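Chains as they are written, first to last, in this note's numbering: chain A, 1 to 444; chain B, 1 to 261.
Honestly, the hints are just simulated from the structure, not real lab data. Keep in mind it's a predicted model, so treat the numbers as computed, not measured.
Selected chain B positions facing chain A (in silico; Cβ < 10 Å):
| hint | residue |
| --- | --- |
| 1 | Asp145 |
| 2 | Leu156 |
| 3 | Thr158 |
| 4 | Phe160 |
| 5 | Ala162 |
| 6 | Asp228 |
| 7 | Arg230 |
Even glycine gets a Cβ: it sits at the ideal position worked out from N, Cα and C.
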Amino acid sequence: MNDGRVKSGDFFCVGHNHRTANISVRETLYLTPEQVETALVATSKKFNISELAILSTCNRCEVFGLVSEKNSVSADFLCEVYAFIHESVSSKSNIDPSMLSQTLYTATGVDAVRHTFHVASSLDSLVLGETQITGQFKDAIALAQKVGTLGTMLGRLSQEALGAAKKIRTETEIGRHRVSISHAAIDLARRASPDLSKLNFLILGAGEMARVAAEYAASYKPRRLVIANRNKAKAAILVEQLNFGEAQDHSLLSSLIAHADVVISATSASECIVMKYDIIMALKVRDSSRMGPLFLIDIALPRDIDPKCGELDDVYLFDIDDLKSVVNAHMDKRREAVLEAEHIITERVSNFSQWLGLQKIGPTLSASSKYFSDIMTKESQKTFSRDNFSGLNHQQRKAIDAMFDAIASRITSDIAKTLRHADHQTSPLMTAALQALFDKDPSP
Amino acid sequence: MENSAIISMISLTSFLLASSLVALGFKQSFRPAFGLRLGYFLFVIGTLSATVDAVQSGSTAHLLAAAVAWATVISWFVWRLELVGAFTAPVIAITLLASIFFSPTRARIGNINDTSLQIHIFSAVIGQTFAILACGMSLLFLWLDKKLKSKALNDLPTRFPAFTTLTKALTITLWIGFTFISISLLTGAVFALNGQLENIPTMYPKILWAILVWVWYLCILVLKEIRDYRPQKVARMSLIGFVLLAVSWFGLLSAGSWGPQ
Numbered sequence: 001m002n003d004g005r006v007k008s009g010d011f012f013c014v015g016h017n018h019r020t021a022n023i024s025v026r027e028t029l030y031l032t033p034e035q036v037e038t039a040l041v042a043t044s045k046k047f048n049i050s051e052l053a054i055l056s057t058c059n060r061c062e063v064f065g066l067v068s069e070k071n072s073v074s075a076d077f078l079c080e081v082y083a084f085i086h087e088s089v090s091s092k093s094n095i096d097p098s099m100l101s102q103t104l105y106t107a108t109g110v111d112a113v114r115h116t117f118h119v120a121s122s123l124d125s126l127v128l129g130e131t132q133i134t135g136q137f138k139d140a141i142a143l144a145q146k147v148g149t150l151g152t153m154l155g156r157l158s159q160e161a162l163g164a165a166k167k168i169r170t171e172t173e174i175g176r177h178r179v180s181i182s183h184a185a186i187d188l189a190r191r192a193s194p195d196l197s198k199l200n201f202l203i204l205g206a207g208e209m210a211r212v213a214a215e216y217a218a219s220y221k222p223r224r225l226v227i228a229n230r231n232k233a234k235a236a237i238l239v240e241q242l243n244f245g246e247a248q249d250h251s252l253l254s255s256l257i258a259h260a261d262v263v264i265s266a267t268s269a270s271e272c273i274v275m276k277y278d279i280i281m282a283l284k285v286r287d288s289s290r291m292g293p294l295f296l297i298d299i300a301l302p303r304d305i306d307p308k309c310g311e312l313d314d315v316y317l318f319d320i321d322d323l324k325s326v327v328n329a330h331m332d333k334r335r336e337a338v339l340e341a342e343h344i345i346t347e348r349v350s351n352f353s354q355w356l357g358l359q360k361i362g363p364t365l366s367a368s369s370k371y372f373s374d375i376m377t378k379e380s381q382k383t384f385s386r387d388n389f390s391g392l393n394h395q396q397r398k399a400i401d402a403m404f405d406a407i408a409s410r411i412t413s414d415i416a417k418t419l420r421h422a423d424h425q426t427s428p429l430m431t432a433a434l435q436a437l438f439d440k441d442p443s444p
Numbered sequence: 001m002e003n004s005a006i007i008s009m010i011s012l013t014s015f016l017l018a019s020s021l022v023a024l025g026f027k028q029s030f031r032p033a034f035g036l037r038l039g040y041f042l043f044v045i046g047t048l049s050a051t052v053d054a055v056q057s058g059s060t061a062h063l064l065a066a067a068v069a070w071a072t073v074i075s076w077f078v079w080r081l082e083l084v085g086a087f088t089a090p091v092i093a094i095t096l097l098a099s100i101f102f103s104p105t106r107a108r109i110g111n112i113n114d115t116s117l118q119i120h121i122f123s124a125v126i127g128q129t130f131a132i133l134a135c136g137m138s139l140l141f142l143w144l145d146k147k148l149k150s151k152a153l154n155d156l157p158t159r160f161p162a163f164t165t166l167t168k169a170l171t172i173t174l175w176i177g178f179t180f181i182s183i184s185l186l187t188g189a190v191f192a193l194n195g196q197l198e199n200i201p202t203m204y205p206k207i208l209w210a211i212l213v214w215v216w217y218l219c220i221l222v223l224k225e226i227r228d229y230r231p232q233k234v235a236r237m238s239l240i241g242f243v244l245l246a247v248s249w250f251g252l253l254s255a256g257s258w259g260p261q
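Chain B extracted, bound-state conformation (with noise of 0.2 Å):
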């Protein structure tokens, strides 16, 4: 077996082991038990490797796969939101899985030479990063809310982050996730309109779907910013705007097409 593919095992199998070990935390404990520390272990090794992984193949799922991973440890250390890793492990472990089944060798960033190509891959999966943890986020959100609705106060874990925590955590994603989103809007715009007019009615449902998911963020900051929308309401909103994603991640596994074969 080869170095890259012993390292592609690592990641994906510290993230498979880390989505149900993480998801302990929702335990009402004060002290994390070792299975969950165990978890934050494993998600840290699985990052690393992601890391190594996503350098040494170049494959846009790799990339997207470490930058998620990335994203939520930093999350950990800015708003002790350990709890996000619950919902991005999985997503991540699902990530690699599927760029088994979609040839990683169409999209490798390390094959295209056109800048603005380069910029708008990079700038999408950043872009989508910050919408995946929004998403984690926004579930936590909805979950402490429907806890403390429904009174179900000893079902709350101790380090369950709170409110401002989760609101300010969540805007400050949902702000850097639209900004990178809108780069890679323009950059593909850049792109298409710099000699691949010729590609642009084969690409029309990606651009189209793109679009809807750039609109439907920036409804969200407006509607938050503007009219003062709930955070409840952002949050659902978010995980609407994380589906409509979704479907643009299979568009970006295929990315490379875009690129010299």
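Okay, chain A solo, but in the shape it has when bound (with noise of 0.2 Å):
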């Protein structure tokens, strides 16, 4: 399959994603990194299809691929496609046909580029602008490349998408800002130093809230990372898994409030376990060793930590509300970003899609250059046979070629540019025209 040849054909995609499939559907259609190695192998014999690559993930299963010219590109047949690769891994035999036909969408042709883009980008992802899937959009590519369905043409989309996605990432803020509660809460530390590095955080609580807390703030190697529980046995099977941080129980909750400066509480007491005397308390001991500011972030719901604390000099408390509102404030600006996105992605695709259009126009263009050439000798040999020109020295019918020559290229070189010049509308029917009239016999 991967022969390095430039095949003529269309690129498509079929798929499901979070969108078009509810999660049960998502579950059954998914497919793990060996079934999709066995897909690709047994899909692109079966339909001979020139290249092609599967990304399956929670929130999607997708097939990209190019077929060449002689296999018609119908939704039928992409659905047809998309049913086998699952039939193909023999877990998925029993798939009902009428589940795939109400979840899956198709695109072909620019449609499918801009989609691909649209994908690597995140752009179409369930949390807008998240980093995951671009690495996954490479993982599928790599194994397509390791299987040998991945040739010139659909390995140049993906450098092309991927080339996109770090434009994207970096010229615009669609990944600046964090869009989950506990990564909002650790990044708020930020305000109290800009080195995560030298804070001491106490956590309190080590359910998912907490945990997720947890990991992002151990990511930073903080000087103190205490994990402290009513279950202190909880805390430390977490501290084991962060492999960073000690665990404590609550019985010592104000004098480890006292030596922290950032406290992200996310446990499911149901009333507050942090009262504003534990904070004065923490106060009175804070000041002594001359700490910073005390952030107290509480993501829990029912709250952990009594309001009144927020009244205190030099405390700075933050609930679950204030952390959405940023939360919110960030997704917006992720969407503002969307517009911004969406003209790299259009250039992109614009130069993808004329860098194709050469490459398809390539052996039709030699074909008429041939063909003009064919013409320009088999004429000058007829002329220079005549009476008239036996007087032409060798010299002479030398000139005389090189001028038919010039124009047959000349000809052809009118036709290339027109032809790269030529919108997506009339650049087919054009291309379509040339083939028929001098490319006899267009597949490779």
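The two chains are supplied separately, each in an independent frame; assemble them into the complex guided by the hints.
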């Protein structure tokens, strides 16, 4: 498959995502990397698809590929391909066809190219601007390359899509701002110190929210990370998983707060566990040890920290609603950046289409050049064989031959120029007409 | 128009424009907008032209303007406190404007032969520079405190300096400022006792005011370092210190009257 030759054909994509399929459908249609490997080989052989890649994540399972022009790229054909991919993997052989028809979407040509760019840039993701999808897209392409279903065209498409994703990430605000509460809580600590490694973190609770916050905090290797929980054993398990920090229980709360710069509370307690008095006691210790401001971030519901704590000097208290407003503002910023990202994608898709067009018309232009050249040679030979031109010497004949060659190459170059500058609608028509006229066997 | 006048105009215009443009940094944005970058550029242009102006004219007002500008630029690099320029740029512009109304010929360090007076004026300028910078930092600190207390998290620019940065910068700035103000007072006293005794009665208000400013900054540092005053209180006291200093600044403009006319 991967013979390095440029295939003439059309891009396609078919699949489902978080918008078209619910979680149970996505679970059913999810393919493991091993299953993707098997499916790629089987499908490309069966349908004679020259280039193929499968992206399977928890939010989508999509097939990107390139078919030769002998295959008809209809929606039914693509659905058939998609169904076969899942059938080729033994455990997915009993998929309900109606489920596929309801959840699948298809795109071909420029639409498929544009969709690929959107997916790689995470503009099509559940969480706009998330970074995971770009890595998953890279993995999907690497897998296709490994099994030999990645050719020049799909390889170039993936390179361009990843290039666009990188440009969007660097030049727009799409991935700048955190959109999870736990992450926003840690980011808020930057208001205390720009260098999180110099801060002391105290995380109250050992549940999911606490775990995410602890993981994120631990990634910055803070000066101290204490995970305190009513059940110390649970905190110890989390510390072991993180391989960082120390576990404590709630009985030492006031003392723990006194030595922390940032307290993130995410317990499931039914009432406040941190009262104003605890903070006053903690502040006395802090003042004597010249510690900076105390950030109390309560991401629990019901709240863990008494709202009156925020009235104290040098204490800054935030609850889940405050963080939600930050997260919402971040999401708005990402949405605002979509317009800018779309502009980058349009530009990149246009460049790619131009490159694709040139690849497609290459053989046709060669054929037309040869056609004109043959005519010129034939006609010049006929003309020179007549008596009136018998007096021409070798040099004169050579000059006239050169003139004919120049005319042939000038005509071909004018055709190429016209094709290059043709718009998306007329370009395929012109290419088809040229193929019909000069390219007797367009397939490579 | 003379070259020095052109340089003065460039400096004044740069700081006037930078005053409004650098304030764009308070707008929430990850990347600095074009206007903000232009503001920083103008600030640097203003700093360079103010330096040339100060060297050429020898005027204390121009020296103060150049010193504040340089201290601001240094704070950008050391603490990434670009926003402090939003405060210092208008202060510099006002200083330069005021120097037009207060005859600059009366306050030229170059015309002064007495070393103790030269050191006095120079250290007073540096002391005031750091007091102005401390005021700018205090404003940033109090603004951050207000926004966080009122939970207006979305109003805070992404690159706004953090508490620890502002506290550290404020402490260092206050110490440097206090040291130079102290030197200024001492050298002023040496100058006064060294043959200018007959002028002392006419300088009473200025001397008293200078001592008041010095005592105020001494209080700030003592309360901060010994009584562990919180940074909020230190910031508020620095603002008052700046107001006291602004009054004595008018005295600085007429410093040339102490030397030969």
